[in-house]
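Visitor: Residues per chain, in single letters:
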Amino acid sequence: MSISNQLKNQHLLWRAAFGPMTENVNELPGVSQKELYKILEKTSAKKPDELNVASGTFDGLMKGLQDLGQMQKLTQDQKKQLRKQSVDDIKNLNLSWLAEMINSEAQLREKMSLFWHGHFACRVVNIYFQQQLLNVIRQNALGNFGDLLREVSKSPAMLSFLNNQQNRKQHPNENFAREVMELFTMGRGNYTETDIREAARAYTGWGFNVKGEFVNRPFVHDTGSKTFLGKTGNFDGDDIIDIILEQKTTARFITAKIYKHFVNEDVDEQKVEHLAEKFYRDNYNLQKLMNAIFLSDWFYEEKNIGTRIKSPVELIVGVRRLIPMQLQKPEAQLLFQRVLGQVLFYPPNVAGWPEGKNWIDSSALMFRMRLAQILTNAEAFLIKPKDDDDTMMGMEGVDKNPKANQLQTNVDWGSVIKVFDKTSRENLSQKVNDIVLQTTNSVNASVLKRYVDNTSREGFIKSTIIELMSTPEYQLC
Amino acid sequence: MLFKRKEFLQIGSLASASLMMPKFLKAFEKKAAVPPGNKVMVVLQFSGGNDGLNTVIPFRNDIYYKSRPKLGIQKEQALQLTDEAGLNPALPFFKDLFDEGSLGIMNNVGYPNPDHSHFRSMDIWQSASDSNQYVTTGWLGRYLDAQCDGCGKPTQALEIDDVLSLALKGENLKGLALQDPKKLFSSSNERYFKEINASHDHEEAAVDYLYKTLSETLSSADYIYEQSRRHPSSQTYPSTQLGKNLKTICSLILSDINTKVYYVSLGSFDTHVNQENQQKRLFTELNDAISAFVKDLKSNNRFEDVTVMTFSEFGRRVAQNASGGTDHGTANNMFFIGGGLKQKGLLNPMCDLNDLNEGDLKYTVDFKSVYATMLHNWLAADDEKILGKKYEIMNFV
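Each protein sequence line maps, in turn, to chains A and B.
Letter by letter, the first sequence follows residues 1 to 477 of our numbering.
Letter by letter, the second sequence follows residues 1 to 397 of our numbering.
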């Protein structure tokens, strides 16, 4: 079957961005993939503005604390207050970043950032740390992988999450060294337990202060000689990162993960090998790697289109890009993330979110198929996930008053309808289908016909979009 | 014409017919109605880290009282089980179960290199992994994978909740989460979903996987709802969330459904402050719900076929903190409730408060060994395949 130019462009937009948006959907048939990608590259070129949501309250609580020792002296109540404020601020960080994904021009950058957010998975309830790590990721998302790795490794968030603050000469803690190699760079089987122990010794002393700044504490650093991946010397943490980056296996590990995420879960070994060689030669330049993928012909092959299960965040953002809306209760999106299994800043563990089929179980699928209806007020949501002690997200569940469970979104249907101004009545159905779904086959047309609103042109367009979004097909991109 | 006999007998025993029947006949009748060998496991998760030391109280231990001058439960208040152990006073029904031989208590259960974070430790318990391993499937999900190859409906493991826990997610098969059968039925009963499902043709693997899940969900929703209505429980349950959930579970156990595992949670036990009241409130909810559940099972002669197993992601520190609470700890006790226990009472020695690791208990029983026992002895499953390793099988079931 031949793949239309529009479908190819939408494919690019779903993978390198968060899906097509109302405002430019009509321009998609007329540009080439190359042109479209150049726009994506350009709009993501400039460094992003930092997200800063830490509230005055949190600042106030932290002010006056000169060092971490003083943090221990806070009363239980003060600590509790600090933690609660942090949890609240992280919710704001979540929603602010989500808004960037929906509205920002820098789609490729935000999309890559979401990938790195899962790769460098970190779960600490401290708004300063989380905010700083997110900004490091967003700034380096398309830069040099070595820089990104180094900055993440020196972020208080990761050092705290992986216990490197406790990694001292006398009492080494291997957690940080182990995960850097196993999950962030090389993957299992490319180093020994001895390498982990030696690297842990080199990382002794890396820590942070109460202001959330990286500090190297020479008095707890092990200055002895270490042997790591065949090299011997008086290494410190930076040397270890240099040696890890010298390994071709690091380039291969990262390239394979990027291929799986952006192209296809089924890895084409030859292509990955080729890309990894180039990535290594280009000194880990991420922009060049992504260019090589998105400007290739094979990226647009049929087997790569419409076969990836959207992550919950991609799903939520995707609906909101095609249907512009204002949420009266934006915090409901946190609940959606919870129910669907992907709450930003709360990955299940340091390995990040398992993707693909792992997103899908009965209850998650049923909720996914109702999401568009819930977002556009067609339906109330009556759902209450279990208490979660770690996150204490504090989100109230079902309200007794059914009205309260409606989102009361202001949907800008006018802009959506406008997209179809020049489409004749008999082509409407097909055009909606082409915009909404990426799969080769659609839902049975005669079934669809029975459920759409035929009373007006507007009603027809709205209901067709919602019905198509309420299908298994829409879960794919 | 096929007459479904088992159903006929059960209905007969419940309704007016029972009034006219001589007593011995009624007993006989009920017995015959039990599907033989249909063993069921109910996993009850105490979320947040329940304080095991104030659950099963070592009232003869001085260290216990020294470490908990304010929180320690005095001997006179504890419900005495043996000459060294007492139960939290909010659990009188558990004391009854203990006395009649329907309660087993496994002390000091944990795992090597314990993690003090809620989510990580829960991850470890639910996936049954080592503490330095990241596994994306749960132990009950892998039970489904091993046991249920070719099963028609994914109803072998049900979680009574809106969201499915990792514990029930397998590589190929996943359990099903439902808050109640009626809600699942009405939410999946939209004609639109049914029709797009019915009209779906075979396509690429990814779409097919989603349609397979959809199709199983729709048919399971019908099946569960239908089964749950067949045997509406006549027992009164407390109107708490756990009471409602156990009622749902019991109505399904009494039906013909093929479910082997039920999963339900109670929480939050994260008692950093004001522990006494919070634990008391949760234990009262637990006590009353379990009481109704056991009575219901007994009056239907199914108590021998059910084992309830409780666990929490960790216990709490031995010493109390400054806010009338306790902080995250390590090893903990587990309850086993059922009419089919082979060993009852205290199943192993109490924890040793003399031998602590930085203020935390040192575990003596690996929880994976408990899982292996339940899988092997109770569910007749291949524990080694499911847990990836051979663990010691114990004898309590």
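Simulated from the structure, these hints should not be mistaken for laboratory data.
C-beta atoms are modelled at their ideal positions from N, C-alpha and C, and glycine is treated no differently.
Fair warning: there could be bad hints in the mix.
Some chain A residues close to chain B (C-beta under 7 angstroms, calculated; not the full set) [to be verified]:
hint, residue
1, 51
2, 55
3, 229
4, 349
5, 354
6, 444
Pair by pair, the computed Cβ-Cβ distance ranges are [as the list claims (entries may be wrong)]:
hint, chain 1, residue 1, chain 2, residue 2, range
7, A, 59, B, 239, 40 to 46 angstroms
8, B, 366, A, 81, 35 to 41 angstroms
9, B, 239, A, 329, 49 to 55 angstroms
Visitor: Decide, hint by hint, whether the structure agrees.
Guide: Verification of the supplied hints:
Contact between residue 51/A and chain B, as hinted, is not supported at the beta carbon level, the nearest pair being about 24 angstroms apart and thus beyond 7 angstroms. About 23 angstroms separates the beta-carbon of residue 55/A from the nearest beta-carbon of chain B, more than 7 angstroms, and the hint is not met. The restraint placing residue 229/A at the interface with chain B is violated, with a minimum CB-CB distance near 20 angstroms, outside the 7 angstroms limit. Hint status for residue 349/A: holds, given a least beta-carbon distance of 5 angstroms to chain B, under 7 angstroms.
Annotation: residue 354/A was flagged as interfacial toward chain B, and the flag holds, the nearest CB pair being 4 angstroms apart, inside 7 angstroms. The criterion of a C-beta within 7 angstroms of any C-beta in chain B is met by residue 444/A, whose closest approach is roughly 4 angstroms, and the hint holds. Judged by the Cβ atoms, the range 40 to 46 angstroms given for residue 59/A and residue 239/B holds: they are separated by roughly 45 angstroms. Under the hint 35 to 41 angstroms, the C-beta atoms of residue 366/B and residue 81/A, about 39 angstroms apart, fit the expected range.
The hint said 49 to 55 angstroms for the Cβ distance between residue 239/B and residue 329/A, and at roughly 29 angstroms that hint is violated.
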